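So the sequence lines, in the order shown, correspond to chains A and B.
Here our numbering is used: position 108 in the first sequence is 108, and no number is missing along the way.
Just remember that our numbering sits 166 ahead of the position in the second sequence, which is counted from 1.
Keep in mind the hints are simulated off the structure, nothing from the lab.
Values in this document were obtained by computation on a predicted structure and should not be read as measured data.
Be careful, since some hints might not be right.
Among chain B residues calculated to face chain A with C-beta under 10 Å, some are [unchecked claim]:
{"#": "1", "residue": "211"}
{"#": "2", "residue": "224"}
{"#": "3", "residue": "459"}
{"#": "4", "residue": "461"}
Note that CB positions come from ideal geometry on N, CA and C, so glycine has one too.
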Amino acid sequence: MTAPLAELFAEYHESLVRMLYRRTGDRDRAEEIAQETFARAVAAPPRNPRPWLFAVALNLVREEGRKAVRQERRLVLYRAEQPEAAEAADETMDRGERIARVREALDALSERDREALLLKAEGFSYDEIAATLGLARGAVGTTLSRARRKLVLAYRAEEDTKHAAS
Amino acid sequence: MPHLDEGTLHALLDGEIPSAELAPIQAHLGGCADCRARLTEEQDLLAESDRLIEVLELPEAAPAVMPVRKAPRRVWPTRLAWAATVVLAAGLGYSARGGPLEPAPTPSRDSVVEARADEPAASEPAVSPAPPAPDPVSQSRDQALAPKLGAAAPPPADARRGKAATGNAAPAEEKAELRAAPVDTAARPPAPPVAQPQSPPAAPTSAVGRVGALRQEATGTRLREVAPAGALADRAAFAVAQPATLPEAMRVLGGSLRLIDGMIPERLEILGDMVRVVYRTGFGELLLAQELQDRVVRFNLIAPRGFPADSLERLRGRVRE
Numbered sequence: 001m002t003a004p005l006a007e008l009f010a011e012y013h014e015s016l017v018r019m020l021y022r023r024t025g026d027r028d029r030a031e032e033i034a035q036e037t038f039a040r041a042v043a044a045p046p047r048n049p050r051p052w053l054f055a056v057a058l059n060l061v062r063e064e065g066r067k068a069v070r071q072e073r074r075l076v077l078y079r080a081e082q083p084e085a086a087e088a089a090d091e092t093m094d095r096g097e098r099i100a101r102v103r104e105a106l107d108a109l110s111e112r113d114r115e116a117l118l119l120k121a122e123g124f125s126y127d128e129i130a131a132t133l134g135l136a137r138g139a140v141g142t143t144l145s146r147a148r149r150k151l152v153l154a155y156r157a158e159e160d161t162k163h164a165a166s
Numbered sequence: 167m168p169h170l171d172e173g174t175l176h177a178l179l180d181g182e183i184p185s186a187e188l189a190p191i192q193a194h195l196g197g198c199a200d201c202r203a204r205l206t207e208e209q210d211l212l213a214e215s216d217r218l219i220e221v222l223e224l225p226e227a228a229p230a231v232m233p234v235r236k237a238p239r240r241v242w243p244t245r246l247a248w249a250a251t252v253v254l255a256a257g258l259g260y261s262a263r264g265g266p267l268e269p270a271p272t273p274s275r276d277s278v279v280e281a282r283a284d285e286p287a288a289s290e291p292a293v294s295p296a297p298p299a300p301d302p303v304s305q306s307r308d309q310a311l312a313p314k315l316g317a318a319a320p321p322p323a324d325a326r327r328g329k330a331a332t333g334n335a336a337p338a339e340e341k342a343e344l345r346a347a348p349v350d351t352a353a354r355p356p357a358p359p360v361a362q363p364q365s366p367p368a369a370p371t372s373a374v375g376r377v378g379a380l381r382q383e384a385t386g387t388r389l390r391e392v393a394p395a396g397a398l399a400d401r402a403a404f405a406v407a408q409p410a411t412l413p414e415a416m417r418v419l420g421g422s423l424r425l426i427d428g429m430i431p432e433r434l435e436i437l438g439d440m441v442r443v444v445y446r447t448g449f450g451e452l453l454l455a456q457e458l459q460d461r462v463v464r465f466n467l468i469a470p471r472g473f474p475a476d477s478l479e480r481l482r483g484r485v486r487e
């Protein structure tokens with residue numbers, strides 16, 4: 001028995017938008033994709049909603065991501081999130097800079113690793129991650145361990161480079 | 167057993183090892199210092215990874231409109247969220263003592279009722295374990311309060327009656343109004359967090375006073391809050407906390423502290439007799455509130471808005487001393 005759509009929306013919408021925002025860096029685009037995803041759920045109500053919704057959303061991201069226009073827009077956003085020229089002290093970073101660095105670090109991951117990490121951040125169980133991404137359940141732990149390690153190392157590496165440059 | 171690979175270590179930290187496989191893994195860890203060291207390293211890595219992702223907070227935006235096949239109809243997120251959470255709560259059949267969740271507090275709150283009205287979406291279910299020996303007095307009191315607690319923010323009155331966990335909608339509403347008055351001193355800026363002790367009412371005339379007196383009889387402890395001592399979740403969510411160290415917290419709880427297996431606490435807080443272990447999650451702060459009552463430590467898990475109910479269930483099962 002599928003949940004009424006209103007409840008589906010109430011329960012998953014914010015989580016989906018947050019995951020999409022972290023995935024794309026673009027709040028508006030995240031909202032658009034979420035709307036499109038729920039519209040598809042209206043047409044074909046899913047039996048196992050959370051993995052279904054997130055899988056459809058991630059597919060939409062991948063499809064759109066291939067367009068060059070999107071790439072350009074993302075670069076613009078990166079720049080918008082960077083602080084204005086000048087003086088950030090070595091040890092302190094303002095939020096915009098920190099956000100940009102985390103995003104860069106996330107981009108260093110493979111698509112699968114990144115998606116697994118973001119789904120975990122939305123409270124998905126290993127079973128749900130496996131279902132959403134089409135992974136074997138036994139592979140989820142390894143995927144997450146690799147993703148977490150890479151994220152942290154990429155982030156630290158950026159800090160080191162920026163330190164060295166200044 | 168051979169050394170544990172990284173995937174296993176992370177599955178362990180995420181609480182995803184099936185119970186049947188847990189024993190040999192723990193046995194290995196008991197005898198293998200290398201794996202223990204690696205486990206600690208992976209735990210730090212996990213925490214740092216979580217912290218980095220949480221830097222990417224969702225920026226503010228206009229409330230969303232749910233898509234429908236026909237002409238778009240504007241649906242208020244508040245009502246949807248509230249309806250969804252009540253259905254969830256009823257479905258889970260959570261105990262009245264626990265009560266539903268309240269949204270995480272901010273220190274500048276003036277009154278409980280006002281604060282609830284401000285929150286864009288209402289509460290979620292806080293599933294708490296049935297206390298070992300529930301005394302009938304406080305249980306019936308909690309049951310009467312439950313519909314009120316369930317009807318947090320501005321829900322339509324008819325929907326509230328229809329979906330209340332028990333049939334006591336009328337007395338609950340009365341209590342709701344009476345709650346509003348004393349409670350506005352409950353949340354105070356910095357120093358003394360927990361509100362003043364309630365003067366024991368000689369002849370209680372209000373529902374508030376009556377409830378307070380009942381609780382006093384039932385547990386034999388001095389009443390600590392101005393508000394009627396509602397469920398642990400209620401007080402935990404709204405009092406203003408003081409940061410605490412582990413020894414302090416254990417002292418308050420009579421020597422033991424409960425934690426969620428596999429999760430790393432962000433900080434500890436003390437509110438009078440209650441200890442709150444704060445965990446960060448992708449949804450906001452998850453609170454493990456615990457208190458010594460009748461020489462037994464009772465606890466409740468309070469999840470932030472949007473936190474999945476099944477994950478909450480799972481975490482509840484992982485609360486250990």
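Quick rundown of the hints versus the structure:
no.	hint	in the structure
1	211	holds (5 Å)
2	224	holds (5 Å)
3	459	violated (30 Å)
4	461	violated (35 Å)
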